[in-house]
Amino acid sequence: MPDRPLQRICYVEDDDDIQRIARLALERVGKMEVSIIGDPRLALDGILAFKPDLVLLDWMMPVMDGPTLFRRMRETDGLREMPVVFITAKASPRELDELRGMGAAGVLSKPFSPKDLPEQLRAIWRTLP
Amino acid sequence: MTSGSAAPVDLAPTRKASARTEDVSGRADPQRVLADRVDQLYSQMPLGMSAHLLIGGIATYELWDERTRDLVLFWWGLVLLVTAARAVLYFGYRASASKLVEAAQWMRWLAISALAGGVTWGFAGAVFFPSHTDEQQVFLAFLLAGITSAGIPAYAASWPMFAMYAGVIVLPFTYVLANFGNRLFTEIAVLVPIFYLINVGIAHRLNRVFLSGYRLRHAYDRLTEDHTRLNKQLEQQIEDLQEARQEVEASGRKLALFAERAPISVIEMDANSTILEMNPAAEHMLGYSALELIGRSALNTLFPADEATLTPEWWTQFVARKAPANRVRARCLRRDGLEVEVEFTITPLVNEAGDLVSIIAQCQDITQQLEAERLKKEFTSTLSHELRTPLTSIIGSLQLVNSGVVGDASGEISELAAVAERNAQRLLDLINDLLDIDKIESGKFTLQPETVRLDELVQESLVLNKSFADRFRVGLEVRGEVPDVRLHVDRKRLMQVMTNLLSNAAKFSPEGSAVEVGTRCIDGMVRVEICDRGPGIPDDFRSRIFTRFAQADSTTTRHKGGTGLGLAICKRLIELMNGRIGFDQRPGGGTTFHFELPVLAEVTAT
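Residue numbers (this note's numbering), protein chains in the order written: chain A, 1 to 129; chain B, 1001 to 1606.
Keep in mind that the hints were calculated from the coordinates and are not lab data.
Every value quoted in this text rests on a predicted model; they were computed, and no experiment measured them.
A portion of the hints provided could be inaccurate.
Said to hold, decoys possible - Keeping only pairs whose Cα atoms sit at most 27 Å apart, straight-line, the calculated DSSO-like set for lysine-lysine is:
no. : chain 1 : residue 1 : chain 2 : residue 2
1   : B       : LYS1571   : B       : LYS1377
2   : A       : LYS90     : B       : LYS1322
3   : B       : LYS1439   : B       : LYS1376
4   : B       : LYS1254   : A       : LYS90
5   : B       : LYS1376   : B       : LYS1571
6   : B       : LYS1492   : B       : LYS1571
7   : A       : LYS115    : B       : LYS1507
8   : A       : LYS115    : B       : LYS1466
9   : B       : LYS1444   : A       : LYS90
10  : B       : LYS1571   : A       : LYS90
11  : B       : LYS1377   : B       : LYS1444
12  : A       : LYS115    : B       : LYS1492
13  : B       : LYS1492   : B       : LYS1507
14  : B       : LYS1571   : B       : LYS1466
15  : B       : LYS1571   : B       : LYS1507
16  : A       : LYS90     : B       : LYS1377
17  : B       : LYS1444   : B       : LYS1466
18  : B       : LYS1492   : B       : LYS1439
19  : B       : LYS1376   : B       : LYS1466
20  : B       : LYS1377   : B       : LYS1492
21  : A       : LYS90     : B       : LYS1376
Stated by the list, open to error - What follows is a set of in silico ranges between Cβ atoms, one per label pair, in the way DEER data are often shown:
no. : chain 1 : residue 1 : chain 2 : residue 2 : range
22  : A       : VAL63     : B       : PRO1390   : 34 to 42 Å
23  : B       : ASN1578   : A       : ARG72     : 38 to 46 Å
24  : A       : VAL63     : B       : ASP1540   : 51 to 59 Å
25  : A       : VAL63     : B       : PHE1379   : 20 to 28 Å
26  : A       : GLU27     : B       : ARG1471   : 27 to 35 Å
27  : B       : ARG1327   : A       : MET64     : 37 to 45 Å
28  : B       : GLU1378   : A       : ARG4      : 52 to 60 Å
29  : B       : ASN1326   : A       : VAL63     : 14 to 22 Å
30  : B       : LYS1322   : A       : PRO129    : 51 to 59 Å
31  : A       : VAL63     : B       : GLU1450   : 19 to 27 Å
32  : B       : GLU1373   : A       : VAL63     : 52 to 60 Å
33  : A       : VAL63     : B       : VAL1478   : 37 to 45 Å
34  : A       : VAL63     : B       : LEU1257   : 56 to 64 Å
35  : B       : GLU1477   : A       : ARG72     : 46 to 54 Å
Unchecked claim - Computed far set for chain A versus chain B, every beta-carbon distance over 12 Å:
no. : residue
36  : GLU13
37  : GLY38
38  : GLY46
For each residue, glycine too, the CB sits at the ideal point set by N, CA and C.
Full structure from sequences and hints, please.
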């Protein structure tokens, strides 16, 4: 368990409405600092600039999907160790396992509950070394 | 099959029929032969009796004189009496129904009658010969000679009877002649027995001829019977064989029709994969005509060089194993160069000696099926994503509004937002349930089993469903002690089942009542019961309660929520976990839903 509380979240998500809800949930309910990145192609730079504690990554996005971005992060200096939580609207448990197998810290499914999202992330945060 | 039940042809009678006559006559039934002889003897009786009366009458007239009048009258009376008795015997025989069975008895009666006849003539010879004139003596000698020789044809069917008959005539006559004291008569007395013996000899030979004739007749009858029976047997067998042949032909035609009209490709090959025969479906699937492929190696012709499953090595092993191979998927090369995915069911035909006769491959082009499956999977996945994404925004927004995070909504706004959230949640439940059932039914559902403590599971399920039950003002309670056991189950999925059963029970329970959860172990299984005090399940709904989209009353969907898929999913999930699910009516009202799952191991108290 990391010695500091979970404070800074970077969320890569292409859907504007979900972006807004996630921001409200994390900022208002979770009292966290949030950076939303809508274009996955700009994500690597955005994350490096924002220096979040944890990255929340959408699974299905146009241009570049979550897993691809995840692999890119693992190849990028400064982002190799960054905890990543996938969030997906695809419900197949087999796919969720596949994502866990890739080395993600956790997997959440959509729709998520804005009330519970901060706590769910904190629970994952507490499982990290 | 009729041919199986037909008796094998018995050739024995035929063989005997071609043997020598003696053998043949030996086959005659002795009883029937005897009866025939008796019949022959009796048939001579009317003539014999008539002759007896006629000759007796003439003799009486001729021998009549004052001196011997009483004796002649007595004799004539004797002739009449014997003839009458013989007539009675004759008509008795004619009227008898037991000529065959009692032939020997009739023969004995006849012998007595012959003896009596003979005695009358013997009497005449012995008594009248010495007392009459020379002319009358000549008459008597002539008469006795005639009457004796007439016995030969009359008694030809039984030479002993003739010997007896003639004996009682000749013996007293010979005695009288011998004692007459006349040289001529003495000489005749010597000759008479010789004639007698000659006559008996002739009768004996005649008798043999008769006998053999009768025997042949009966043997012939029997042979004819045998022949008729054999013919009938043969006819029956030929009929059976024809019937069997027709059946074989019919089943052959049926089989040919099956293969010809079947939508599944059928290819027959030998052990070297040389194609022997194929049906039109196979021609269609592969784009070759049967004539082009028959005689060619299936392995070399039908599969691309880089085919990985149906390789020559696989084939060699298959031929060695001689065991059917099911659902072997391989790529096939059509005549036009296109590759198709084909599913094979390959069956070796093995004879009784265990030798491989041929190999039948039934196959189906599943290229389109695989493509359809891929499309369906893609569609389901897309549908899932495209429906959930907007729902994420809808439910998220409404939750934020309802939780007051973005400011207080008052009065009707808050109420309407709650309605919207609840219904959006229902939509999400439906999507999740639909995806679940689709996955389970397409066989693509995999469980993630782990070891779970039953008591923890029950407690967790109560905690998770408490808020839902609170909405209906229904309590959730554990009844009694939870057995200290572990299960090897998919925790999330079992929780889904518990949630489903608990929320159903809460929904239908009267306000203020409690849903009870009972647990107990039975024979290595743990039984979990969820009992409510609801209205019970309507009779007409019981049989389809675990089917999809089953809800007792469509209005409940609107009032209580639910997709109608929950119990169908529960049943499939429990069965996937090697358990069973059911329900009972509760005494005193309400319903108990229960499921049983195998216990992993007892937790030993240390």
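These are the hints, each one checked on the structure:
Distance check on the hinted pair: B/LYS1571 and B/LYS1377 sit about 23 Å apart at the alpha-carbon level, within 27 Å; holds. Only pairs whose Cα atoms come within 27 Å are accepted, and A/LYS90 paired with B/LYS1322 is rejected, the gap being roughly 46 Å. Between B/LYS1439 and B/LYS1376, the direct Cα distance comes to roughly 11 Å. Compliance with the 27 Å bound is thereby established for this hinted pair. For a cut-off of 27 Å, the pair hint linking B/LYS1254 to A/LYS90 is broken: about 51 Å separates their Cα positions.
In summary, the hint linking B/LYS1376 to B/LYS1571 is supported, as the alpha carbons are separated by about 24 Å, within the 27 Å threshold. Restraint check: the Cα-Cα separation between B/LYS1492 and B/LYS1571 comes to about 15 Å, which is no more than 27 Å; the hinted pair holds. For the given pair, A/LYS115 sits about 25 Å from B/LYS1507 by alpha-carbon distance, which is consistent with the 27 Å threshold. With a C-alpha separation of about 18 Å, the suggested pair A/LYS115 and B/LYS1466 falls inside the 27 Å cut-off, and the hint holds.
A C-alpha spacing of about 15 Å is found between B/LYS1444 and A/LYS90, which places the hinted pair at or below 27 Å, so the restraint holds. Proposed proximity of B/LYS1571 and A/LYS90 is supported: the alpha carbons are some 24 Å apart, at most 27 Å. Straight-line distance between C-alpha atoms of B/LYS1377 and B/LYS1444 comes to about 10 Å, which keeps the hinted pair within the 27 Å bound. With a CA separation close to 22 Å, the supplied pair A/LYS115 and B/LYS1492 stays within the 27 Å bound.
Restraint check: the Cα-Cα separation between B/LYS1492 and B/LYS1507 comes to about 22 Å, which is no more than 27 Å; the hinted pair holds. Taking the CA atoms of B/LYS1571 and B/LYS1466, the gap is near 23 Å; set against the 27 Å cutoff, the hint holds. At most 27 Å may separate the alpha-carbon atoms for a hinted pair to count; B/LYS1571 and B/LYS1507 meet this at roughly 19 Å. With a C-alpha separation of about 12 Å, the suggested pairing of A/LYS90 with B/LYS1377 holds against the 27 Å cut-off.
At roughly 32 Å between alpha-carbon atoms, B/LYS1444 and B/LYS1466 are farther apart than 27 Å, so this suggested pair is violated. A C-alpha spacing of about 16 Å is found between B/LYS1492 and B/LYS1439, which places the hinted pair at or below 27 Å, so the restraint holds. Between B/LYS1376 and B/LYS1466 the CA atoms are separated by roughly 38 Å; this puts the pair beyond 27 Å, and the hint is violated. For the hint pairing B/LYS1377 with B/LYS1492, the CA-to-CA distance comes to about 23 Å; that is within 27 Å, so the pair holds.
Pair hint A/LYS90 plus B/LYS1376 holds up; C-alpha atoms about 15 Å apart against a cutoff of 27 Å. Hint check: A/VAL63 to B/PRO1390, Cβ distance near 20 Å, so the stated range 34 to 42 Å is violated. In this structure the supplied range 38 to 46 Å holds for B/ASN1578 paired with A/ARG72, their Cβ-Cβ distance being about 44 Å. Here the CB-CB span from A/VAL63 to B/ASP1540 is close to 55 Å, well matched to the stated 51 to 59 Å.
Here the CB-CB span from A/VAL63 to B/PHE1379 is close to 22 Å, well matched to the stated 20 to 28 Å. Our hint of 27 to 35 Å for A/GLU27 and B/ARG1471 holds, since their Cβ atoms are close to 30 Å apart. Between B/ARG1327 and A/MET64 the beta carbon distance is about 39 Å. The supplied range of 37 to 45 Å therefore holds. Roughly 43 Å separates the CB atoms of B/GLU1378 and A/ARG4, a value that falls outside the hinted 52 to 60 Å.
In this structure, B/ASN1326 and A/VAL63 break the distance hint of 14 to 22 Å, their C-beta atoms being roughly 45 Å apart. One distance hint, 51 to 59 Å for the beta-carbon pair B/LYS1322 and A/PRO129, holds here, with the actual separation near 58 Å. Checked against the given bound of 19 to 27 Å, the beta carbons of A/VAL63 and B/GLU1450, roughly 38 Å apart, lie outside it. At roughly 28 Å, the beta carbons of B/GLU1373 and A/VAL63 sit outside the given window of 52 to 60 Å.
Between A/VAL63 and B/VAL1478, the C-beta spacing of about 52 Å breaks the proposed range 37 to 45 Å. At about 58 Å, the beta-carbon gap between A/VAL63 and B/LEU1257 stays in the expected band of 56 to 64 Å. In this structure the supplied range 46 to 54 Å holds for B/GLU1477 paired with A/ARG72, their Cβ-Cβ distance being about 53 Å. For A/GLU13, the requirement that its beta carbon stay farther than 12 Å from each beta carbon of chain B is not met, with the minimum near 10 Å.
With 12 Å as the threshold on Cβ separation, the claim that A/GLY38 sits away from chain B holds: the shortest Cβ distance comes to roughly 14 Å. The Cβ of A/GLY46 lies farther than 12 Å from every Cβ of chain B, with a closest approach of about 22 Å, so its non-interface assignment holds.
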